[in-house]
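S.K.: Respectively, the protein sequence lines represent chains A and B. In terms of numbering that gives the first Met the number 0, the first sequence opens at residue 0 and continues consecutively. In terms of numbering that gives the first Met the number 0, the second sequence opens at residue 0 and continues consecutively.
Accuracy of the hints is not assured; some may be wrong.
Unchecked claim - Where chain A lies over chain B, by a calculated footprint (3+ residues, C-beta under 8 Å):
| # | stretch |
| --- | --- |
| 1 | 0–13 |
| 2 | 146–157 |
| 3 | 205–217 |
Said to hold, decoys possible - The calculated lysine-lysine pairs, modelled on DSS-like cross-linking and capped at a C-alpha distance of 25 Å, are:
| # | chain 1 | residue 1 | chain 2 | residue 2 |
| --- | --- | --- | --- | --- |
| 4 | A | Lys364 | B | Lys81 |
| 5 | B | Lys54 | B | Lys23 |
| 6 | A | Lys134 | B | Lys23 |
| 7 | B | Lys157 | A | Lys33 |
| 8 | B | Lys185 | B | Lys219 |
| 9 | B | Lys185 | A | Lys33 |
| 10 | A | Lys198 | A | Lys243 |
| 11 | A | Lys364 | B | Lys54 |
| 12 | A | Lys153 | A | Lys134 |
| 13 | A | Lys188 | A | Lys198 |
| 14 | A | Lys328 | B | Lys157 |
| 15 | B | Lys81 | B | Lys119 |
| 16 | A | Lys33 | B | Lys124 |
| 17 | A | Lys134 | B | Lys185 |
| 18 | B | Lys231 | A | Lys29 |
| 19 | A | Lys364 | B | Lys23 |
| 20 | A | Lys29 | B | Lys157 |
| 21 | A | Lys198 | A | Lys208 |
| 22 | A | Lys134 | A | Lys33 |
| 23 | A | Lys75 | A | Lys172 |
| 24 | B | Lys23 | B | Lys98 |
| 25 | A | Lys364 | B | Lys58 |
| 26 | A | Lys248 | A | Lys208 |
| 27 | B | Lys1 | B | Lys81 |
| 28 | B | Lys157 | B | Lys185 |
| 29 | A | Lys134 | B | Lys210 |
| 30 | B | Lys251 | B | Lys231 |
| 31 | B | Lys119 | B | Lys176 |
| 32 | B | Lys210 | A | Lys128 |
| 33 | B | Lys58 | B | Lys176 |
| 34 | A | Lys188 | A | Lys134 |
| 35 | B | Lys124 | A | Lys29 |
Said to hold, decoys possible - To give an idea of the chain A side of the interface with chain B (calculated C-beta under 8 Å), a few residues:
| # | residue |
| --- | --- |
| 36 | Leu8 |
| 37 | Asp13 |
| 38 | Arg28 |
| 39 | Lys33 |
| 40 | Cys43 |
No lab work stands behind these hints: they were computed from the structure. Backbone N, C-alpha and C define an ideal beta-carbon position, used for all residues, glycine too.
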Amino acid sequence: MSDRITEKLSILADAAKYDVSCASSGSDRKNHNKGLGNASNGICHAYTEDGRCVSLLKILLTNVCIFNCAYCVSRKSNDIRRAAFTVQEIVDLTINFYRRNYIEGLFLSSGIFKNADYTMERLVQVAKKLRTEHKFNGYIHLKTIPGASEEIIKEAGLYADRLSINVEMPTEKSLALLAPDKNRQDMLKPMQFVQEAIKENEDAKKIFKSTPSFAPAGQSTQMVIGATPETDLEILYLANGFYKKFNMKRVYYSGYVPISNDNRLPAIGTPVPMIRENRLYQADWLMRFYGFKVQEIVNADNPLLDTDIDPKLSWALRNLHLFPVDVNKADYQLIVRVPGIGVQSANKICAARRFANLSVNHLQKIGIAYNKAKYFISTNTVFEKRDWPPGQIKSFILSEGNSKYKPNFSPQLKLF
Amino acid sequence: MKLVLYDGSFAGLLTAVFEIYEYKVGQPDIRKAGTANGSLFGNPHTVETNLDKSKRVFKKLQERVTPWAARQLYNAWLSELKDIENVILRYIQYSLNTKLAVENNYTHADVLMIQQTSRKVHREKHRMEAFVRFQLTRDQLYYCIIQPDYNVLPLISKHFEDRYADQRWLIYDGLRKYGLYYDLEKVEEVQMNFEADLNSLQHLQEVFDEKEELYQQLWKQYFNSVNIGARKNMKLHIQHMPKRYWKYLIEKQ
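Excised from the complex, chain A in its bound form:
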């Protein structure tokens, strides 16, 4: 019995791991019934050897799937071991892991068996059982199965903190190429439905505070990067659309991990595009927390993010006419755009300068990356590095910095 469950867990966790979301924050679920757990913390309980956070028990209900998406390990034509959990097995695992403080909750997804609604119903059953029979108030993230009916999605939102449906590919064309059984409308429609339901729920809560929450941690999505030839411009414009139109909490970019010899895809052994993925996340942060418009980061002239420097530095080097920024006078919005100054440092700078004129020494103590920032700021006394061309500044910064990606940019690489 215990051997069987261990085997299932290894198969169904392995199959779920390519879904990168592991967020467990943003909910407001309290332990209101002296039951088990709460969901408002966003704690990473462990980190795997690839450096990713383990916050949730992330598993598939089953990896049996009637679809044949080329980029997916669980695709129908793949010759792998298949397994399925029972509802009770998942409930027991979740509760027992949670009670030992291993996890923040459950992230449940599934291969599609029989049809979308049938699959989605099983997922909802697990969540319902946890909430109602076990008084479980931990975090639950349910995958919305493309093509599931609105009734069942509605029910899912009553038990889940977050719902997500993966857009999978940055363009419809790529989706048609690699996932012939899926179509984008089956993804966008549920997104829109969930967004409207969340909005409705928020409005209702303003009138009746006791209205039960609907997906209080919102919705997220994911796309695979580097399996198909899209530019960063196409990827980030799509993400921007999701943030604006569907009020998404997060868009995840998943660097394609080669798992197949399919000639539509990068061959096994091709490196995972981790630098590009990292740059996309940095760009995503600039849009969400730094007040950047997507077209400032990528545009027709610059459809690709630089890999050797971060997108904020790229932007600054393209816009040197906006600098130097006087840290003692400039608005927060400008200070936070300086390479080497993050949101926290910008806040501290704006708070501290009411007490004293800030010097370089102060800025370093506050914790800005001065070696990067010094080309873009002035204090009352200092602005040393005037009038250098962008390329010069870039090479200064690259030679002083110690990028973790440096080995990737050795000149020899340019030969290829």
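Using the hints, position chain B against chain A.
M.R.: Frame of chain A; chain B shown alone:
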């Protein structure tokens, strides 16, 4: 320099601050009683903890800085760093002498020190909320031994009380030799001398619930299964889970 000795409690420290004003102590140097060699400085002033005095200091402080900043002082004190008491004293003196909310003055060495220390303590608190691994005993107690860098038990108490409201649990600080025990109604501080080697596997069969070993194995299995080998990044792994915590992480055994 005048040595001011307090009993090692936060209320004691605030009482010391009160009395430094009350007795106009010049050039005070606050230390925990028993940690300083008094003879060098002549007669020390020994503080007797007084809740009324400490409350008055705290109240005054809260008029000057936000509750969040007042809490930072408490967090910083929990760091148990050498001389942190005198930084706290200077911070309070500075706040009482200044009209603006001083917690924002990151150009001031003491303010910066409190802010940074408080942050370190907070990070350790967060780590303990993450890295506690309960083990279930035969009599249905979930327990865990930790050895945090700072004295964070007082900071994590509420988190665990809110979360694990329907199970009995005990979190024991193996360095500071005290623990938090929740009996389904309330959390209590408990003093005890826990056998540190209770953690070792040889006791597992005797003390633990029959399912405990199974769930530990399943957790290890899960932890290994979710790793993506093609993305291996040990530097990042260790940065997030520093090695000194591995000893109580079941998945790293």
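S.K.: So, for every hint listed, does it hold in this structure?
M.R.: To see whether the hints hold, each was checked on the structure:
no.: 1; hint: 0–13; in the structure: violated (count 0)
no.: 2; hint: 146–157; in the structure: violated (count 0)
no.: 3; hint: 205–217; in the structure: holds (count 5)
no.: 4; hint: A:Lys364 to B:Lys81; in the structure: 21 Å, holds
no.: 5; hint: B:Lys54 to B:Lys23; in the structure: 19 Å, holds
no.: 6; hint: A:Lys134 to B:Lys23; in the structure: 57 Å, violated
no.: 7; hint: B:Lys157 to A:Lys33; in the structure: 14 Å, holds
no.: 8; hint: B:Lys185 to B:Lys219; in the structure: 32 Å, violated
no.: 9; hint: B:Lys185 to A:Lys33; in the structure: 12 Å, holds
no.: 10; hint: A:Lys198 to A:Lys243; in the structure: 14 Å, holds
no.: 11; hint: A:Lys364 to B:Lys54; in the structure: 33 Å, violated
no.: 12; hint: A:Lys153 to A:Lys134; in the structure: 20 Å, holds
no.: 13; hint: A:Lys188 to A:Lys198; in the structure: 15 Å, holds
no.: 14; hint: A:Lys328 to B:Lys157; in the structure: 42 Å, violated
no.: 15; hint: B:Lys81 to B:Lys119; in the structure: 15 Å, holds
no.: 16; hint: A:Lys33 to B:Lys124; in the structure: 24 Å, holds
no.: 17; hint: A:Lys134 to B:Lys185; in the structure: 20 Å, holds
no.: 18; hint: B:Lys231 to A:Lys29; in the structure: 36 Å, violated
no.: 19; hint: A:Lys364 to B:Lys23; in the structure: 33 Å, violated
no.: 20; hint: A:Lys29 to B:Lys157; in the structure: 13 Å, holds
no.: 21; hint: A:Lys198 to A:Lys208; in the structure: 15 Å, holds
no.: 22; hint: A:Lys134 to A:Lys33; in the structure: 8 Å, holds
no.: 23; hint: A:Lys75 to A:Lys172; in the structure: 21 Å, holds
no.: 24; hint: B:Lys23 to B:Lys98; in the structure: 22 Å, holds
no.: 25; hint: A:Lys364 to B:Lys58; in the structure: 30 Å, violated
no.: 26; hint: A:Lys248 to A:Lys208; in the structure: 23 Å, holds
no.: 27; hint: B:Lys1 to B:Lys81; in the structure: 17 Å, holds
no.: 28; hint: B:Lys157 to B:Lys185; in the structure: 10 Å, holds
no.: 29; hint: A:Lys134 to B:Lys210; in the structure: 21 Å, holds
no.: 30; hint: B:Lys251 to B:Lys231; in the structure: 16 Å, holds
no.: 31; hint: B:Lys119 to B:Lys176; in the structure: 22 Å, holds
no.: 32; hint: B:Lys210 to A:Lys128; in the structure: 22 Å, holds
no.: 33; hint: B:Lys58 to B:Lys176; in the structure: 32 Å, violated
no.: 34; hint: A:Lys188 to A:Lys134; in the structure: 32 Å, violated
no.: 35; hint: B:Lys124 to A:Lys29; in the structure: 20 Å, holds
no.: 36; hint: Leu8; in the structure: 6 Å, holds
no.: 37; hint: Asp13; in the structure: 5 Å, holds
no.: 38; hint: Arg28; in the structure: 11 Å, violated
no.: 39; hint: Lys33; in the structure: 5 Å, holds
no.: 40; hint: Cys43; in the structure: 6 Å, holds
Checked against the numbered hints given earlier, the structure breaks hints 1, 2, 6, 8, 11, 14, 18, 19, 25, 33, 34 and 38 and satisfies all the rest.
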